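**Q** Chain by chain, the residues:
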Amino acid sequence: DQQVKQNSPSLSVQEGRISILNCDYTNSMFDYFLWYKKYPAEGPTFLISISSIKDKNEDGRFTVFLNKSAKHLSLHIVPSQPGDSAVYFCAASEHTGTASKLTFGTGTRLQVTL
Amino acid sequence: DSGVTQTPKHLITATGQRVTLRCSPRSGDLSVYWYQQSLDQGLQFLIQYYNGEERAKGNILERFSAQQFPDLHSELNLSSLELGDSALYFCASSLGPTGVVAEAFFGQGTRLTVV
Chain A
1 DQQVKQNSPS LSVQEGRISI LNCDYTNSMF DYFLWYKKYP AEGPTFLISI SSIKDKNEDG
61 RFTVFLNKSA KHLSLHIVPS QPGDSAVYFC AASEHTGTAS KLTFGTGTRL QVTL
Chain B
1001 DSGVTQTPKH LITATGQRVT LRCSPRSGDL SVYWYQQSLD QGLQFLIQYY NGEERAKGNI
1061 LERFSAQQFP DLHSELNLSS LELGDSALYF CASSLGPTGV VAEAFFGQGT RLTVV
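Just so you know, the protein sequences line up as chains A and B, in that order. 1 is the number of the first residue of the first sequence in the numbering used here; add one for each residue after it. 1001 is the number of the first residue of the second sequence in the numbering used here; add one for each residue after it.
Errors might be hidden in some of the hints.
Pairs of lysine-lysine, DSBU-like flavour, derived with a Cα cap of 35 Å [unchecked claim]:
#1 B:Lys-1009 <-> B:Lys-1057
#2 A:Lys-54 <-> A:Lys-71
#3 B:Lys-1057 <-> A:Lys-54
#4 B:Lys-1009 <-> A:Lys-54
#5 A:Lys-71 <-> B:Lys-1057
#6 A:Lys-68 <-> B:Lys-1009
#7 A:Lys-5 <-> B:Lys-1009
Over 10 Å on every C-beta distance to chain A, these chain B residues come out as not near it, computed from the model [claimed, not checked]:
#8 Pro-1008
#9 Ile-1012
#10 Ala-1014
#11 Ser-1027
#12 Gly-1028
#13 Gln-1044
#14 Gln-1067
#15 Pro-1070
#16 Glu-1103
#17 Gln-1108
It is worth saying that the hints were derived from the structure and are not from the lab. The model shown is predicted, which means the values in this text are computed figures rather than measured ones. Heads up, the beta-carbon is just placed ideally off N, CA and C, and yes, glycines get one too.
Excised from the complex, chain B in its bound form (with noise of 0.2 Å):
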């Protein structure tokens, strides 16, 4: 067990509808990481918050939106779906992300299923 809960674990919606994915991070982590892992790919990073601040953004659509909340659990959502968001999406949280960085624990992710 990491230590990162993801919900909810899966996801079945139709096309143009909008999924909220909650993140709650491993305690005493400040970073908060959302990845996407669709079929036979890799983890496409999508996004960083810091202590409730985005630090970093990488290919995120914008259709996707992500905040982290004073209690530094984080939300990532997805709207207008479509059938090609249907993907693994995890989130990983670490200590912080200056000086030597520290390893992301990652959660089990929420498997998303869009028709």
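Chain A with its partners taken away, still in its complex shape (with noise of 0.2 Å):
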């Protein structure tokens, strides 16, 4: 059962433009959403995160959006610069007690072009 799904395993957008990535969630108790970016052969990249009690956070060229009746959040990149071509993964934390863990999307791939 995914609880956290991206239905778009790949984006290409002209570098300048904006970039918005989508991702839904199932499980209502979630409590905190994250986007991580991750290239080849290497870890993922913490990018900017959102508690469920609010429905916007900008950090420089990123803004995530938080639409809790519809369980949705979407990544906003603006202007996308072909350094951001990468693969960003959704991911979102419910708190059980004294344990949180991270469940995240299957991700999508942004390309951006010249």
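Since each chain sits alone in its own frame, please combine them into the complex, following the hints.
**A** Dropping the structure here:
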């Protein structure tokens, strides 16, 4: 049962344009959401996060939007740069007592073209 | 550099064998997580330890086990290896499991190839 879904395996965007990566989740107990970026042969790198009590968080070129009623979040990158080309993973966290674990989506490969 | 160190970077072994993957978390982090990434798959959560104790378990096979030692490093043991166990194994660490979750920082992974 895939609790975090990234339905677009790949996305191609022109340099300077906006990249929008989407993520859906099914578990209403998730209370914290994160985006990670992964280059080949490297571990995922934390990018940006958002608490379930917020609907938007912005950090430079990156903005994450959360729509709790739709169980949907998105990552906006603007303007997109060639160095943004990577696989982006959406992750969600659920606190269970004194534990928390990150549940990841399957990733979206973003290619930013010149 | 995330500060999380995983060894070895690459491992090739035969079916039926047993291997140990090692992870040193970032300085000060008490939580260690293990993830498996198979070809073209997302990151599958295996197990989490906090300050030496198991805290959360995911889709970890019975052939796999892990532990976290008093110095907070962690080892993932994979036994009776099968071809399907070939994957990238990531370790991540974070400050702790309670309160507002701290983002987890990942190591570069161990690529396991079972032949």
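**Q** Please go over all the hints and tell whether each is borne out by the structure.
**A** Going down the list of hints, with the structure as the test:
1. B:Lys-1009 <-> B:Lys-1057: This hinted pair holds, its Cα atoms lying about 24 Å apart.
2. A:Lys-54 <-> A:Lys-71: Holds, because 13 Å separates the two Cα atoms, which is no more than 35 Å.
3. B:Lys-1057 <-> A:Lys-54: holds, 28 Å
4. B:Lys-1009 <-> A:Lys-54: violated, 39 Å
5. A:Lys-71 <-> B:Lys-1057: holds, 24 Å
6. A:Lys-68 <-> B:Lys-1009: The hint is violated at about 39 Å.
7. A:Lys-5 <-> B:Lys-1009: holds, 29 Å
8. Pro-1008: holds, 14 Å
9. Ile-1012: Holds, because the least Cβ-Cβ distance between B:Ile-1012 and chain A comes to about 16 Å, which exceeds 10 Å.
10. Ala-1014: About 24 Å separates B:Ala-1014 from the closest Cβ of chain A, which puts it past 10 Å; holds.
11. Ser-1027: holds, 17 Å
12. Gly-1028: holds, 16 Å
13. Gln-1044: violated, 8 Å
14. Gln-1067: holds, 16 Å
15. Pro-1070: holds, 19 Å
16. Glu-1103: violated, 4 Å
17. Gln-1108: At about 5 Å from chain A, B:Gln-1108 fails to clear the 10 Å cut-off, so the statement is violated.
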